[in-house]
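J.: Each chain, written out:
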Amino acid sequence: MAHIRLDNVTKKFGLHAAVDGLTLDIADGEFFVLLGPTGAGKTTTLRLIAGLEKPDDGKIEIADQDVHQWSASERDVALVFQYYSLYPRYTVRQNLAFPLKSNARNCSQAEIDERIARAAKTLRIGHLLERKTDRLSGGEMQRVSIGRAIVREPRAFLMDEPLSNLDAKLRESLRAELKELQMKLKSTFLFVTHDQIEAMSMGDKVGILNEGKIVQVGTPYEIYNKPKNIFVASFVGSPSINLMPAELANGHVTALSGKLKIVAPRSKTNGAVTIGIRSEDITVGPKEQVAAHIHDVENHGVEKIVTLRVDDQFFKATAPSSLELKIDGTVKFSFNPDKLHFFDAASGASRA
Amino acid sequence: MAGVLDTSPAARAVTRGWSDLTIRNVFIIPTILFLIIFNIFPLIYSLGYSFTDFRASVNEPANFVGLQNFRELLTDERIWNNFWVTAKYVIVSVGGQMTVGFGLALLLNRAMPAKGLITTLLLLPMMMSAAVVGLFWRLLYDPSWGPLNYALGLGDLAWLSNADVALYAVAITDIWMWAPFVMLLSLAGLSAVPQHLYEAAAIDRASAWYTFSRITLPLVTPLLLIALIFRTMEAFKTFDIAYIMSTQPTTELISIKLYKFAFQEWQTGKSCALAYIVLIMVLAITNIYVKYLNKVKER
Chain C
1 MAHIRLDNVT
11 KKFGLHAAVD
21 GLTLDIADGE
31 FFVLLGPTGA
41 GKTTTLRLIA
51 GLEKPDDGKI
61 EIADQDVHQW
71 SASERDVALV
81 FQYYSLYPRY
91 TVRQNLAFPL
101 KSNARNCSQA
111 EIDERIARAA
121 KTLRIGHLLE
131 RKTDRLSGGE
141 MQRVSIGRAI
151 VREPRAFLMD
161 EPLSNLDAKL
171 RESLRAELKE
181 LQMKLKSTFL
191 FVTHDQIEAM
201 SMGDKVGILN
211 EGKIVQVGTP
221 YEIYNKPKNI
231 FVASFVGSPS
241 INLMPAELAN
251 GHVTALSGKL
261 KIVAPRSKTN
271 GAVTIGIRSE
281 DITVGPKEQV
291 AAHIHDVENH
301 GVEKIVTLRV
311 DDQFFKATAP
321 SSLELKIDGT
331 VKFSFNPDKL
341 HFFDAASGAS
351 RA
Chain L
1 MAGVLDTSPA
11 ARAVTRGWSD
21 LTIRNVFIIP
31 TILFLIIFNI
41 FPLIYSLGYS
51 FTDFRASVNE
61 PANFVGLQNF
71 RELLTDERIW
81 NNFWVTAKYV
91 IVSVGGQMTV
101 GFGLALLLNR
111 AMPAKGLITT
121 LLLLPMMMSA
131 AVVGLFWRLL
141 YDPSWGPLNY
151 ALGLGDLAWL
161 SNADVALYAV
171 AITDIWMWAP
181 FVMLLSLAGL
191 SAVPQHLYEA
201 AAIDRASAWY
211 TFSRITLPLV
221 TPLLLIALIF
231 RTMEAFKTFD
241 IAYIMSTQPT
251 TELISIKLYK
261 FAFQEWQTGK
271 SCALAYIVLI
281 MVLAITNIYV
291 KYLNKVKER
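Read top to bottom, the protein sequences are chains C and L. Under my numbering, the first residue of the first sequence carries the number 1, and numbering increases by one thereafter. Under my numbering, the first residue of the second sequence carries the number 1, and numbering increases by one thereafter.
No lab work stands behind these hints, which were simulated from the structure alone. As the structure is a prediction and not an experimental result, all values here were calculated from the model. Be aware that one or more of the hints could be misleading.
[What the hints assert, rightly or not] Heads up, simulated SDA-like pairs for lysine to any residue below, C-alpha to C-alpha not over 25 Å straight-line:
(1) L/K115 with C/H300
(2) L/K297 with C/Y83
(3) L/K297 with C/E130
(4) C/K12 with L/Q195
(5) C/K132 with L/M98
(6) C/K213 with C/K332
(7) L/K237 with L/F51
(8) L/K295 with L/M98
(9) C/K332 with C/H300
Assemble the whole structure, with the sequences as input and the hints as a guide.
T.: Dropping the structure here:
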């Protein structure tokens, strides 16, 4: 159990700063998800905390101790790798015992057996213990690699996209299991992913990382509903938030070449803005405000995602699955004025 | 027009000239012919000779003597002494090559400046002719003005004319020459160990020795065994270096004895029999290794 703090950490590979002045505070027992696109520096951040990389600048603290000079093994954090990194040629039991056989731990055989039994029960891999690791399926391998982390009872768990190589169904169930595991163990989890659904569904807190910098840290609710800028708004949420240019004047927003005019909910300064609206905040139906061309309809079972077009502007709306929508037909829609996001047209920063 | 559109393999081959079959035969038949003429035919022919009293130096027909050659050889204590010398030589030389070669590979298996250059330089001995290496080391070992004794401060130790030392002196030369081969195979094995396993072990707080014995060694073992097989086979039939370097009876390896039978005493039939005994022994040893290798790979 430990609280992890990064203070202005920079890591360069050649001239490129993979992590650039990153400051992060992860509370004890928190499930923190670091979310960002490929190449944002998520894995590097994780490796810096684990001690597999040394920062060029800045300070890393684990449990209020500066771990700058500590090697990976001294830091006593567990890392679950994206590619499992199970030790080949050994059985699951031997893999789980590996960290416990370390001289740094000095576990008795009885204690090793007990810890393995407990981890196996938690992860439901008891029946696999005597199996060689190359005879496991992807999901089983990932469980074993998580098991190898939990037998250690480490100060913190670091997970590097552990679910990204699994198929969708398995990912969904392991997601729930991991969250449950964290609540049971009450340890600090730092989970790295590029999958915003994982981030939103698992994290107590989510940190959005882009180009080596933290863009926003907040609860999933805050990230989703109060994005700090266009990057966060468009990275989180599926389908992506709809963005379009608009004009703010005299308490009104005008968009879609003047066809859409809404009363601005709060006082905003006048001028050009980018407005964002999520698909579920657009209502589609016969009684709504503005007519649009139906470009495409995706049936998702629970609902339909319909791509609408007004002149050259495309945007997506969520419609109830009972509503009949025909491609190339026409339908009316309206935006929920309370859910509009305003961004600076030039910088992309939120103007809320 | 139908012919143009015909895309069956036969039709395409016609447009290309030679068919795949022809090309295959053109390449393979000469090789097979050469193998038969220079390898397989002598192999079988010498098996025939091994049951005769044929002497290549005398213009007399060969007489069939049955198993007499084999019986004589296998009951001859001097021959068994040659085998004993060979066994000592194989163990010392191959053991040394494995140790030095794997050690060098461990040292080289890290990021370091001029790694490629160092590796290439270390490989040079392997590429030299055995005759040159033998003559060169004879100079190095020279008791009165050889640089080795001077550098090691060994006075006038007569490496090659001292019956107790000569075999080891030859083995040292062989180690120098062939350790790079083991190093090369070991390096291939070591660089195939995924880096993330070492990282996982570091995270799991494994000591350096534990990591080496539990991760590195098991993954490199199959390649080490292959190196061991090759080197044992080669060491068993060593002739050139030992013949060039020393005339001591304590360095008379089985292949040297074989050579003497065949081309000094001209006992062609008997030497063929001995050659077959050696062949069967090498086959037996390598078979044991290969069995073990397959077992290791299965694990």
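J.: Please go over all the hints and tell whether each is borne out by the structure.
T.: Comparing the hints with the structure gives:
| no. | hint | result |
| --- | --- | --- |
| 1 | L/K115 with C/H300 | violated (57 Å) |
| 2 | L/K297 with C/Y83 | holds (23 Å) |
| 3 | L/K297 with C/E130 | holds (19 Å) |
| 4 | C/K12 with L/Q195 | holds (20 Å) |
| 5 | C/K132 with L/M98 | violated (30 Å) |
| 6 | C/K213 with C/K332 | violated (41 Å) |
| 7 | L/K237 with L/F51 | holds (22 Å) |
| 8 | L/K295 with L/M98 | holds (20 Å) |
| 9 | C/K332 with C/H300 | holds (21 Å) |
The structure fails hints 1, 5 and 6 (numbered hints given earlier, in ascending order).
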